[in-house]
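Visitor: Sequence:
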Amino acid sequence: MSLAETLYADLRTSGVDVQLINPGFIKTRLTEKNDFTMPFIMEPKEAAQHFVDHMQGDEFARNFPMHFGALFRLSQFLPDWLYY
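Numbering (the working numbering), first residue to last: 1 to 84.
Hints listed in this document are in silico derivations from the structure and should not be mistaken for laboratory results.
In this text the structure is predicted, and so the values were computed from the model without any measurement.
Each statement offered as a hint is correct.
Simulated pairs of lysine to aspartate or glutamate, DMTMM-like, Cα-Cα distance not exceeding 25 Å:
hint, residue 1, residue 2
1, Lys45, Asp58
2, Lys33, Glu46
3, Lys45, Asp35
4, Lys27, Glu43
5, Lys27, Glu46
6, Lys45, Glu59
7, Lys33, Glu43
8, Lys45, Glu32
9, Lys27, Asp53
All chains, full assembly: derive it from the sequences and hints.
Guide: Below is the structure:
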């Protein structure tokens with residue numbers, strides 16, 4: 001996220017588009033091996049549509065599902081000892 005934000009700031013007037021997408025859990029062979037609860041897990045086809053929609057738009061960043069993304073954005077304000 002930090003790299004994308006920095007690139008966006010540096011390149012926004014250069015004609016190079018930089019976009020950031022922060023997906024939640026997506027059902028894959030890898031996530032099927034997880035032994036913990038994955039809130040808001042979504043099917044790959046639904047997640048892929050989010051990616052395509054974002055790339056066709058002009059927004060810099062998109063988080064999906066929105067609740068999951070908001071949780072991680074807000075966690076950036078926690079003290080380091082608690083965040084890590």
